[in-house]
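Each chain, written out:
There are 2 protein chains.
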Amino acid sequence: MKVSQLLGERFKDRAFEIESQNLMTRGGYMKLVGNGIYSLFTPAKRIQNKIEQILREEMDAIDGQEVLFPVVMPASIWQQSGRWDSIGKELLRFKDRSGADMVLGMTHEEAAVHMAMNVAGTYQKYPFMIYQIQTKFRDEPRARGGLIRVREFTMKDAYSFHTSQEDLEKYYERAYRAYERIYARAGVPEVVAVKSDSGMMGGKVSHEFMLLCDIGEDSIVICPECGYRANMEAAETLVQNEKDEISESLQEVFTGDAKTIDEVCALLGKAAVKSCKAVVYQRNADDSYVLIFTRGDLEINETKLTNYLKAEVHPAVDIDAANLTAGNIGPVNLNTTATVLFDRSIQDASNLVCGANKEEYHYTGFTPSRDLPEDTLYLDLSKTQNGFECPSCHKHSIRISRGIEVGNIFQLGKRYTEAMGMTFDDASGNRINPIMGCYGIGVGRLIASVCEVRHDDYGPIWPITIAPWQVEVCALRIDNPDVRAAADRLYKELTDAGIEVLYDDRPVSAGVLFSDADLLGAPIRVVVSPKTLSRGGYELSARDKSFREDIDPQFAVSEVFQKIAALTQAINEKVPERI
Amino acid sequence: MKVSQLLGERFKDRAFEIESQNLMTRGGYMKLVGNGIYSLFTPAKRIQNKIEQILREEMDAIDGQEVLFPVVMPASIWQQSGRWDSIGKELLRFKDRSGADMVLGMTHEEAAVHMAMNVAGTYQKYPFMIYQIQTKFRDEPRARGGLIRVREFTMKDAYSFHTSQEDLEKYYERAYRAYERIYARAGVPEVVAVKSDSGMMGGKVSHEFMLLCDIGEDSIVICPECGYRANMEAAETLVQNEKDEISESLQEVFTGDAKTIDEVCALLGKAAVKSCKAVVYQRNADDSYVLIFTRGDLEINETKLTNYLKAEVHPAVDIDAANLTAGNIGPVNLNTTATVLFDRSIQDASNLVCGANKEEYHYTGFTPSRDLPEDTLYLDLSKTQNGFECPSCHKHSIRISRGIEVGNIFQLGKRYTEAMGMTFDDASGNRINPIMGCYGIGVGRLIASVCEVRHDDYGPIWPITIAPWQVEVCALRIDNPDVRAAADRLYKELTDAGIEVLYDDRPVSAGVLFSDADLLGAPIRVVVSPKTLSRGGYELSARDKSFREDIDPQFAVSEVFQKIAALTQAINEKVPERI
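If you read the protein sequences in the order shown, they are chains A and B.
First residue of the first sequence: 0, per numbering that gives the first Met the number 0; consecutive thereafter.
First residue of the second sequence: 0, per numbering that gives the first Met the number 0; consecutive thereafter.
In case anyone wonders, no lab produced these hints; they're calculated from the structure.
Incorrect hints may appear among the rest.
Said to hold, decoys possible - A few chain A residues that face chain B, going by a derived Cβ cut-off under 10 Å, partial list only:
{"#": "1", "residue": "I36"}
{"#": "2", "residue": "T134"}
{"#": "3", "residue": "E373"}
{"#": "4", "residue": "D374"}
{"#": "5", "residue": "Y377"}
Don't be surprised by glycine CBs; every beta carbon is placed ideally from N, CA and C.
Based on the sequences and whatever the hints tell you, model everything.
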């Protein structure tokens, strides 16, 4: 491919905060068509094709059968699963010309069960896995960050079917390993799997694969001591409270206008850890109130709360109807219609400040073990923090990092097969719902994420396994007949040898030529210029600056082959074995 | 792949009239999800992947740049082109969560111009071609025939941009040849290009690529003498009229209740060719009338009529407002508000029967050259027929055949670039709208069409270049340990050699095994059974019955390789050279 013919322009303006979005826009990789909807130019499409091929090989290697589900589906199968009602506006619904309700696929559990239903009626057919690589649409309210969070995207989604939980777990391990291989092959072996909450997907065990970087939207809880990893939603919180020498009595104190826990603590000269705060939510379904008491320095983990309540909630908008004294709510002498919960962070705490359920007054000396009923239930409802105790090795080593979710795997259970009535006959002739797993990777987000962690100030540094082109030939001073002849010949030799070559044959300045080459990110570069020719050949260099050397035209092809092999080898060394 | 694991069942019932739909349903290739919407099982997806690869190679070879446009597009770009208003309900429109108007892409001219706009501003960038392979949705009112006519489909669509008509024409030739190569490589070299009418796409010259077969929805006009080909809409009609010895005078005759031209001719003992009939249409826009006189044995070609009028029309529903005497309309003494047109089939005819514009009366002896004004314009508005004169070699050799349209190419002109305001600067600095071409192939329809012309009573006979698997190993009596061992070994040897092998390892009867193999259509089959082992090896045969021979296990891999090479060679021999 010649740069003179390549559609898409490269430019200098830095328009976006997120670097991958900047570089991929400036590099002519994509163009915004509508909110969260992009067209991809050839460089991005070539990267996508390479990632799709890696995905296909790894899915086939774990016995996946590639299939194709529709983008547009009738509402009926989503009504069968119950998700027609339970999912919000991110599921795009519309009517076709006949007035029938349809949806745009944002995920394909229903389509997978529809496909497998009636053709997997006996246990001998199990386990099996079907997967597709297909366009999805999710009517995302907050598209952002270029390809990081879009509305339309290409996704690899896989669905496995099993006769037992044991069999699912065995397969889940293979899929987990396949995922590790995929990220390593794409040049980001540092992607980590974290335990996650399965949310709307149903099921219990699930993992998110996270690429750690500052622009990530997710908080990941990591223990560098033992390797424990979980996303914030799923991470257990372990809290210590210092034992006090003196046990204070519960005492009402005037606090006037001080309402927030910070104001009250400041007024009374207490640390936030020595306070107990009230947080009020409402259930989405009926606006009924849920009141949680937790330690003053902690935040409520809404996922843990939702899972405990088995109901969606939102922060309370107006607490008048709950008979609560806003700013002075406390756990003692409380009279409310709200559901009252206690976080375990206060269980063994003592001498805390808390509200007195009375305008302008708080208590000091609140000691839950003494002041609350003996049968009080203490729950894990808060978010963990830097330096907290690791639930695995119990050192005080927890670190919170930011990460981009680049894939996920779920043990779905029977959620969909039960709802849609899919069964198989076991060896004894019993009709049983199969157990499912599902496994997703968004291709565009993976591309952007790789860019986010593999770039310098000048552009992406694509790993050789997914680079749009392996090599760029830069002809500097193409108006010079010797340069033109040598560069044309080199382009032909490399292309004929089966190497993927981008050839910048434009009569542009060295500045434009090299800044465009940086933006297009080919890992290997060969410069042909009057200067290199006067030194007897070309200059071979790496986009990541790991080498730069003169080469003899006679050995150019074999030198380039060696560099490709070395870069590929460096990536392959980090790919774990299949299991 | 083992058949025991392959998802999808094969069965015997013949449920559909169209054979490809039958065989691909019965063979476990696809499953209906909704009206005109299918999921594809692995055998179909594998065929699709192979066709996509052929498409990619042929598009790249004519300097195509693979890109990706969105499935969901904002209405705005369709409003710019004017098609938001001009296309009917087949363009699926909906609102997203923010209330914005969106469409599902049924074609991507707008997206292609949107992508190229602002990045192809100077003539040096031209010509260029961008293409994608992507899901499309067309809200087709009459989905039919399995994958032949669906609502959701995978399509390769390409868009070329040029600075001059000459350049477009040069490129168009290359695309035409690429299409010939694609069909030949897919195993259907008999696909023919026919001149077509461009319809809603705009532009002038266009071709449809047609696979001739009885289930085709299109009528194709072919001259076997000289190779002339056109679709019915675009075919010129040449009509002869016998010269009569005697010239009758125009005479009013009583015809009573006889209204249709057949009834009138029967009553008067005349052949239909000796009559002139009236056909009435109405313009869609304002219901105004258009009256055409043509020879009694001919049918009006509505596309020719539409093109002449530059207006869409429909057969008249009610002709009261046109001051016409239904059943007795004639060209003489006519007093009407309708636009009156004359087909050239009557220009040199004589002594015709025609209406007298008076209840219960017709004329005989109508001779247009005498009875109509000298300046009467005679137009080509009728459909040609078997045995008519070829417009190219002028023999009376026209044949009408049925065909399936498996692709099309259009010279679009400036229709979209003008409407959307895309320009480039030519060498003199003038701002000019580029000229476009577009080139489409529906992948699913091509698969079904190949099946339609490459099958026997038992199943598809896939060409080796697109077959889901090149070879099927059939283990007959897998319960026999020798058979199991030999078949397992053969499967491994062939797979390790890089051959695509389907292995039927199920403990089923020979009947089930062979009928399933027929339905899955692998072009080469190796049977391992107690009988073949007793003869010292395996039986190698072709799905198309072109060979059947015993082979020595020691040479099995090389024998299979030779057969693959021979079948591939037979296909490649029919692939024309690139230009």
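Each hint, compared with the structure:
Because the beta carbon of A:I36 sits about 5 Å from the nearest beta carbon in chain B, less than 10 Å, this interface hint is met. This hint holds: A:T134 has a C-beta 5 Å from the nearest C-beta of chain B, less than the 10 Å allowed. A hinted interface residue such as A:E373 counts as satisfied when its beta carbon comes closer than 10 Å to some beta carbon of chain B; here the least separation is about 50 Å, so the hint is violated. Below 10 Å, beta-carbon pairs count as interface contacts, and A:D374 has none with chain B, the closest being about 46 Å; its hint is therefore violated.
Interface restraint check: A:Y377 against chain B, minimum CB-CB distance 40 Å, threshold 10 Å, status violated.
Going down the numbered hints, you'll see the structure goes against 3, 4, 5, while the others check out.
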